[in-house]
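**Student:** Model the full structure from these sequences, guided by the hints.
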Amino acid sequence: MNNTSKNIRACNFSSSIYFKKTAILLNDASANITSNTFIQNYTGIETHRIETNKSSWIEANSFLNNCSFDILVNAVNGNTMIGNKFTQTFRYQNVPGVPNCVDKSFLNVYGAANNNGIERSVTNGYLGQPHFLYRFAGTANQQVNNNSFTNPIFTSAFIHSDGVHYSLNGKAEQGLAINCNTFNGSNQNGYTAYNGGVRRIQADYNAGTILAAAGNTFSASNTSRLHIDNDAKNKAVAHTYYYDGLPTASNRKYPAKVSPLVKLINNKTNQCASIVPRSLDGMVAWNPNAKALVEAARTEVSQLLESKKQEFAQSATVSEEVLENQKAQLTVIKAQKDYLTQWLIAGMYKLAVEGEELDRTLLHQLYRSYEHPAGIYAIVQDQIDYREYEAAFATLASIPATFTLSIEELAQHTDLVAFYTLLRTLYTQDKTIMDVDASQKAQLQQWAAREAGEAKYRACNWLNMLEKGSCMISYPIYATAEEPIPSIERTDIGIALYPNPATTSMQVDISLPVDIAAAQWVAYSMEGNTMASYPVVAGTQALTIATATYPQGLYYYQLKLADNTVLKSGAFMVNKE
Amino acid sequence: MKKTKNTFYPFFSKMVGVFFISIMLASNAHAQCTKSGTTTYNAVVTPANISNTTFNGDVVISGGIVNFSGTIRMKKDAFIRVMPGATLNINNATITTATGCGTNTWQGIEVATSTANRFIAMGYVNVQNSTIEKAQIAIMNYSKTLSYASFKTGMINCDKATFKNNWMDLLIKEEYIARSMFGIRQEITNSTFINDDMSYVPSTNFPLNYFSNGIFLNS
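Chains E and W supply the protein sequences, listed in that same order.
Residue numbers for the first sequence, in my numbering: 1 to 577.
Residue numbers for the second sequence, in my numbering: 1 to 219.
Don't take each hint at face value.
[Stated by the list, open to error] Heads up, incomplete: computed chain W residues facing chain E, CB under 8 Å, no partners named:
#1 Gln-186
#2 Ile-188
#3 Asn-190
#4 Phe-193
#5 Gly-214
#6 Ile-215
Hint data in this document are derived by calculation from the structure and do not stem from the laboratory.
A quick note: this is a predicted structure, and the numbers were derived from the prediction, not measured.
Heads up, the beta-carbon is just placed ideally off N, CA and C, and yes, glycines get one too.
**Tutor:** Listed below in structure tokens is the structure:
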């Protein structure tokens, strides 16, 4: 799932006819599917909304009145489903003129589909027949945590006859974790008889199966809250069933099988929040007030930025000397703000992981940081630094009315988390980034070289503050709007790489002016490993770089002096196809 | 075990039947819908701005930038092909079938794959505030007929787009995964996918192994 390049976000899929088979079919490509709505108002044909054959991230989507499966996971591991809402207000069964739903479940996980996580989702409504809210068949290591299940409501128009309904059905499960879920009662309309047959959790076991069911809340109306079948194979071995649904009257149907094996645990800390959301909508699954908090923060930030806008508009008319002083001050402010922002993002990550309450102040900073890799606030500061006042004002005005806070990279890259942890460590020691020690600096260099994306970007920025120009990312810097400062990269140095992309070898032509007696051309992998290093001297020379042993990918190079001053830098590709 | 039951084909056969009957009843009108020739754009220097146009045949954008706005009409089975290095921007536009086409469909937009670097020379289709309707495959990031270059597929980005009554809305083959590291992403955002009229089905020469899906991410 990491680095998927396809995002399907905030879209609306609707169909009033049974025409499309599947709204999103992920046959051999993963995707981020976030904050979409799927509505199918009248159908009786098998029409899945999302069918995934490759691990994907499915977050904060809303499914309404679909036939068959809302999400079908076909023998693929590692899908993540978080904060989705499944609603069925209409039961496609025995409706004149409408074919019955062939099958219906909100989530159907088939085959060798292991290690899927389903969290913080809400299910509600009528279902067809068969009728599973979530169903797993032949899978392993499923995590079903912190969801809310509301079982079908049966009205007189759609009387159901089988009397067995499952909120969660696991067949031949191995390693099914069902923690901190809520199973709501559904005795509406007096159809208690049908609810009497409801089993909230059913698991049919093979040997070696472990069911971890902790911290779940069951309504009082269920005949069987936890139903375990076919566990005879496990009796003689030391496998343990964990659950904290005590064998009350509701469970007495199977006390002999369950009770001797029960071990009560109720450790919610590590079981109820294992997935970090990637969107603001997903955040709402943690805290329903998250959106309102962010909106309020956005308003406040906008006001702050507006005051800054006025402040800097006035500064545009002051003398050059004052401007220079102000620029120096702004640089300090920017460093402080950036620094604080890093720490706060680290805090935000922690909050997301641990499911703690969101803090308004944090959200201010988070918003500033996440509308752009550099943060919209930092952008404005940059523009003001470069005296691009009009651009700065345009940036301020471009703050969107709606936005998504993505913490995707936080979840994806442990590097980034570690990076933020370093910054947080510095902060708690009342130090700045300028105070990093040698090992921390080495870490920064490693992150800067590791890969593109936010970790690299931020680490590069910090490195450039420590050692100007030591990192690949650079910005145009102007003393005034009219007068560019000379680049630290020499314009009288010639360098050409070809072919690029290279296959087995690449030639590097370098021309150094006479005042540079000696330098080095060094190639690095994206992980920061030195791939090649060649001495070069004044004059022209051609290097032949053997790339046959290089793994396919992107590399970058630096032409630098002995004191690590970078004269030129760039990138090249090695292509094996 | 994966479900194999398929209630789709009987329905489709029925729809094809309806389709042929509609052709017989409206043959005169459909004569206006027969495609002819190819319009080629290679606007390397200055973008070509196309608005409120009916194309008589296929459209090939071999280079540069072409901007669509207003209502763009396509004849039956006509396609728009964006070649590597070219860009098609669709802003405030509706791309639909030509007058007289009835329930016939056009092929859609295909972004041909690139034989060059994975990071450059890709064809781009950007859709904003626009509607694409009555197509067989509204947009796909490779060509059904040209040679396919693995992992060098075209790029599709849609925001506030509406896909309406297409047989398939988006068909996207896998591209080089590292593109995303460099901010090259395919994003489908704030868009609407609607099917409320089952009349618009592909013609008989459409490869039926393409199921009728909304977004199909395939290898």
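**Student:** Each hint should be assessed against the structure and marked as holding or not.
**Tutor:** Hint-by-hint comparison with the structure:
Given the 8 Å rule on beta carbons, the hint for Gln-186/W holds: about 5 Å separates it from the nearest Cβ of chain E. A least Cβ separation of about 5 Å between Ile-188/W and chain E falls short of the 8 Å threshold, and the interface hint therefore holds. Residue-level restraint check for Asn-190/W holds (minimum Cβ-Cβ distance to chain E is 5 Å; threshold 8 Å). Nearest Cβ of chain E to the Cβ of Phe-193/W: about 5 Å, under the 8 Å cut. The hint holds.
The interface hint given for Gly-214/W holds, since its Cβ lies 4 Å from the closest Cβ of chain E, which is under the 8 Å cut-off. Taken as an interface hint, Ile-215/W checks out: its beta carbon lies about 5 Å from the nearest beta carbon of chain E, inside 8 Å.
In the structure shown, no violation is registered for any of the earlier numbered hints.
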